[in-house]
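Here is how the chains run, residue by residue.
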Amino acid sequence: MHMHKLEKIWLILGISCLIIFLTTVGVSAFYMGNKPPSCLLTIDPEKVDQQKPFDKPGLHKVEGKEWDYELVYVAQAFSYNPAKVEIPLGAKVKVIATTKDVIHGFEVAGTNINMMLEPGYISEYTTTFDKEGEYLIVCNEYCGSGHHLMFSKIEVVKK
Amino acid sequence: MAKVELKAKQNTEIEDRSSLKGTMASVLFLLLFIIVSWLGVYYLFVDRF
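Protein chains in written order, with the working numbering: chain A, 132 to 290; chain B, 11 to 59.
Since the hints were derived computationally from the structure, they do not count as laboratory data. The reader is advised that the hints may include incorrect statements.
Taking lysine-lysine pairs in the DSSO-like style, the calculated list, with each CA pair at most 30 Å apart, reads [as the list claims (entries may be wrong)]: (1) LYS31/B x LYS183/A; (2) LYS187/A x LYS139/A; (3) LYS139/A x LYS223/A; (4) LYS31/B x LYS136/A; (5) LYS178/A x LYS136/A; (6) LYS178/A x LYS196/A.
Simulated restraints, written as ranges between beta carbons of each label pair [claimed, not checked]: (7) TRP48/B x ILE143/A: 28 to 38 Å; (8) TRP48/B x GLY195/A: 20 to 30 Å; (9) LEU49/B x CYS170/A: 22 to 32 Å; (10) SER29/B x THR242/A: 25 to 35 Å; (11) ILE44/B x LYS290/A: 22 to 32 Å; (12) THR242/A x LEU42/B: 28 to 38 Å; (13) LEU40/B x PRO176/A: 39 to 49 Å.
C-beta atoms are modelled at their ideal positions from N, C-alpha and C, and glycine is treated no differently.
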């Protein structure tokens, strides 16, 4: 089959781009172990308050794990529990969240923490809070008439 | 009096319609755009916590 020289060049460029982008995703998932925030962990949405760790929402120091703190959130229409949290600068934190009723969003504005909270599922995200400041958590999944009033705050402070 | 035709032979330049230079240029432009936007988003992701 006759093919123009330039056609060959752009086919090679296109296919290599595809291979590079897919390899990046593959390495991220299978070598570095990145996974979606909600990954097969389930919970009975009617008994969220009685089950660990959601019986005690808030920031907890943990020992012997890859992260220093666990930050537990319970979302319901139209609030987050806890409403405000202080995190020491540089702490490695695992954010664990779920919802008691409908689907809510959990976005810490201006950061990579952005999860969907689905009833019956637990969402997690581990990160290091290495920038000082006040961060707003907003619900970015429409959840009802009070959706726009649903927020919480994280303060990253030097200690 | 009729004029004498001075140039009997005229060369008409025919453009090479099979040329793919323009297409190649737009492909490279698109490639550059995709790579720059991909890297931009990637660095934003790495920079944030």
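Here is how each hint holds up against the structure:
The straight-line distance between the Cα atoms of LYS31/B and LYS183/A is roughly 64 Å, outside the 30 Å bound, and the hint therefore fails. Note on LYS187/A and LYS139/A: the hinted pairing is violated, with a Cα-Cα distance of about 61 Å set against a maximum of 30 Å. This hinted pair does not check out: LYS139/A and LYS223/A have alpha carbons roughly 48 Å apart, beyond 30 Å. With a C-alpha separation of about 11 Å, the suggested pair LYS31/B and LYS136/A falls inside the 30 Å cut-off, and the hint holds.
Under the criterion of a C-alpha separation no larger than 30 Å, the hint pairing LYS178/A with LYS136/A is inconsistent with the structure, at around 65 Å. Note on LYS178/A and LYS196/A: the hinted pairing holds, with a Cα-Cα distance of about 26 Å set against a maximum of 30 Å. Checking the proposed 28 to 38 Å range against TRP48/B and ILE143/A shows it is violated: the Cβ atoms sit about 18 Å from each other. Separation of TRP48/B from GLY195/A is about 39 Å and departs from the stated range, judged on CB atoms against 20 to 30 Å.
Between LEU49/B and CYS170/A, the C-beta spacing of about 27 Å keeps the proposed range 22 to 32 Å intact. For SER29/B paired with THR242/A, a C-beta distance near 50 Å fails the hint of 25 to 35 Å. Taken as a hint, the range 22 to 32 Å is violated for the pair ILE44/B and LYS290/A, whose Cβ atoms sit roughly 43 Å apart. A beta carbon spacing of about 29 Å between THR242/A and LEU42/B agrees with the range 28 to 38 Å that was offered as a hint.
Restraint check, LEU40/B to PRO176/A: a C-beta distance of roughly 46 Å satisfies the suggested window 39 to 49 Å.
Hint violations for this structure: numbers 1, 2, 3, 5, 7, 8, 10, 11, all remaining hints satisfied.
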